[in-house]
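A.B. asks: Same order as they appear, the protein sequences are chains A and B.
Just so you know, we're using the numbering used here here: the first sequence kicks off at 1 and counts up by one.
Just so you know, we're using the numbering used here here: the second sequence kicks off at 1 and counts up by one.
Hints are computed from structural coordinates only; laboratory data are not their basis.
Keep in mind that this is a model prediction, so the values were computed, not measured.
Worth double-checking, as some hints may not be accurate.
Derived lysine to aspartate or glutamate pairs resembling DMTMM-like cross-links, with alpha carbons at most 20 Å apart [as the list claims (entries may be wrong)]:
| hint | chain 1 | residue 1 | chain 2 | residue 2 |
| --- | --- | --- | --- | --- |
| 1 | B | Lys43 | B | Asp59 |
| 2 | A | Lys174 | B | Asp298 |
| 3 | B | Lys289 | B | Glu216 |
| 4 | B | Lys173 | B | Glu101 |
| 5 | B | Lys13 | B | Glu2 |
| 6 | A | Lys179 | B | Asp298 |
| 7 | A | Lys180 | B | Asp298 |
| 8 | B | Lys13 | B | Asp107 |
| 9 | B | Lys136 | B | Asp209 |
| 10 | A | Lys207 | A | Asp193 |
| 11 | A | Lys185 | B | Asp107 |
| 12 | B | Lys13 | B | Glu101 |
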Amino acid sequence: MIAHAFFFYFFSLIAIISAIMVIVSRNTVHAVFFLILDFISIACLFIMIGAEFLGMMMLIVYVGAVAVLFLFVVMLMNVTEQKLSWFRGSKKSGHIPTGLVIGSVILLELVVIVGGWKYRDTFSETKFLSFDENFTNTHLIGNVMYTEYIHLFQISGIILLLSMVGAIVLTYRKREGVKKQSYFKQVAREREDSVELVDVEFEKGIKIDD
Amino acid sequence: METLYLLYTEVYKILFLLIPILVSVAMIVWFDRRVWGFIQRRKGPNVVGPFGLFQTLADALKYIFKEIIVPASANKAVFIIAPIITMTLALSAWAVIPLSETIVISDINVGILYIFAISSLGVYGIIMGGWASNSKYPFLGAIRSAAQMVSYEVSIGIIIINVLLCVGSLNLKDIVMAQQNLWFIIPLFPMFVIFFISALAETNRPPFDLPEAEAELVAGYQTEYSGMMYAMFWLGEYANILLLCALGSILFLGGWLSPVDLYPFNIIPGIFWMLLKILLLFFVFAIVKAIVPRYRYDQLMRLGWKIFLPFSLLYVVLTASFLVYFDLLPKGNY
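Starting from the given sequences, assemble the full structure and let the hints guide the process.
C.D. replies: Here it is, written out as structure tokens:
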């Protein structure tokens with residue numbers, strides 16, 4: 001039990017510190033690294049409460065894919081050194097109002113969710129997975145996701161597919177005059193297509209049409 | 001007191017696995033160079049120790065005594081953390097690999113997901129190293145490597161789904177035990193080939209070693225590293241290769257199971273077969289390194305996204321339909 005508590009406080013401490021570091025670190029790339037650290041420690045916390053499938057998915061999806069894209073964007077946009085002008089009391093305080101609005105909206109939503117959960121009994125009577133020691137929670141999630149919630153699952157898949165196609169369509173541009181390698185053409189090329197033997201008449205030569 | 005005892009036994013178990021892995025990494029580096037040499041009709045390293053077996057130890061000693069140079073304009077903290085991350089991740093994935101029915105540090109329910117997650121984290125060591133070096137070649141190498149690893153992870157993931165469809169569990173032991181009658185390499189042979197090629201790309205081995213293509217990028221993300229930090233990247237890389245060989249033998253070659261369930265073979269302890277299979281896969285890795293020319297970057301991306309991904313997706317559909325049609329789906333406890 002002591003070890004459990006120790007690990008819980010260890011991971012929570014790292015999660016909180018790195019979450020703070022995400023917003024205070026001057027270097028944007030460092031901020032993304034701290035975000036990744038935060039994701040990892042949250043995943044560890046998930047694993048500690050027995051939700052190992054969720055924790056692993058968090059690692060694979062957020063850390064393995066989303067955060068890599070984040071990092072790419074930050075690195076390639078070359079916004080590495082944030083000057084944090086608003087922090088030092090400069091007149092340009094462009095980002096503070098936006099941040100405050102978003103932050104207060106999120107806080108409000110959290111309050112509504114937690115309040116609803118706590119103070120209305122019927123609210124928390126939405127379906128819980130029946131917990132059974134014999135099955136792993138991967139089994140349980142799969143059993144519900146592919147039977148009861150199959151429509152929601154498929155709709156979310158279609159939304160993701162659509163957004164993927166949309167992103168490709170938006171960034172696709174057709175360029176003229178680009179020489180592309182065609183494997184089929186290369187492989188299908190025969191001697192007859194490319195070499196022609198010609199009897200050359202003396203002192204006349206041949207005309208190569210091109 | 002009980003906690004302390006638990007801690008002691010766990011640390012003991014971990015050391016008991018980690019030290020052999022580090023030693024075997026050193027040995028397979030020697031093996032790799034030796035195979036490479038023989039294919040090119042050279043002798044390879046054969047001076048230090050019998051058959052040159054201690055060559056890697058000599059190299060490691062050399063790396064330890066070399067100076068660690070941190071470039072003046074590098075981002076120092078990240079620069080130093082990067083090789084540590086690469087090596088730690090490469091070793092920590094071994095925690096769930098069952099070397100035999102009993103030899104495993106932690107037998108968790110989501111073992112295959114754990115390995116997948118850890119190997120997808122491996123890209124950070126490279127990106128951090130390349131970015132923190134603050135130099136053009138490492139940065140280009142890191143970007144290339146990140147894109148390459150992310151793309152091939154997708155196809156590895158779908159190949160793993162193929163296997164999981166036939167097993168019905170994410171536990172690595174269950175995956176091996178499901179192959180008692182038939183190794184998955186026989187029904188899923190195309191997937192095994194694609195897994196092998198994706199593993200080459202995932203570990204940045206030739207012919208997909210574009211992140212460190214010496215003709216274009218000096219040494220890619222490792223360019224600015226020296227001494228022990230370079231050696232850590234290098235050890236991590238080989239530990240990763242061994243890990244993917246182990247994963248391949250668990251997923252397709254029946255892990256610790258003996259090839260035939262007959263008398264003289266099935267009394268040999270499982271770890272022998274497991275190590276033999278890992279070595280066999282690594283031998284093919286080494287041969288490929290020697291005989292295949294390097295891919296161009298656009299060819300690499302085309303292979304990953306336009307050929308492997310659709311093909312393995314199609315195979316998922318095929319496998320699932322086959323299992324459903326013949327009512328072979330693993331029911332598990334249900």
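A.B. asks: Evaluate each hint against the coordinates.
C.D. replies: The hints, checked one at a time:
For the suggested pair Lys43 of chain B and Asp59 of chain B, the alpha carbons sit about 18 Å apart, so the restraint of at most 20 Å is met. Proposed proximity of Lys174 of chain A and Asp298 of chain B is supported: the alpha carbons are some 17 Å apart, at most 20 Å. The suggested pairing of Lys289 of chain B with Glu216 of chain B holds, with an alpha-carbon distance near 18 Å, which does not exceed 20 Å. For the hint linking Lys173 of chain B to Glu101 of chain B, the alpha-carbon distance of about 7 Å falls within 20 Å, and the restraint holds.
For the suggested pair Lys13 of chain B and Glu2 of chain B, the alpha carbons sit about 16 Å apart, so the restraint of at most 20 Å is met. A C-alpha spacing of about 13 Å is found between Lys179 of chain A and Asp298 of chain B, which places the hinted pair at or below 20 Å, so the restraint holds. As the CA atoms of Lys180 of chain A and Asp298 of chain B are separated by approximately 11 Å, the hinted pair is consistent with the 20 Å bound. Annotation: proposed proximity of Lys13 of chain B to Asp107 of chain B holds, straight-line Cα distance about 13 Å (limit 20 Å).
A hinted pair counts as satisfied when its Cα atoms are at most 20 Å apart, and Lys136 of chain B with Asp209 of chain B qualifies at roughly 18 Å. Between the alpha carbons of Lys207 of chain A and Asp193 of chain A the distance comes to roughly 18 Å, so the proposed pair stays at or under 20 Å and holds. For the suggested pair Lys185 of chain A and Asp107 of chain B, the alpha carbons sit about 51 Å apart, so the restraint of at most 20 Å is broken. Between Lys13 of chain B and Glu101 of chain B, the direct Cα distance comes to roughly 15 Å. Compliance with the 20 Å bound is thereby established for this hinted pair.
In summary, the structure is inconsistent with hint 11 from the numbered list given earlier, while agreeing with all the others.
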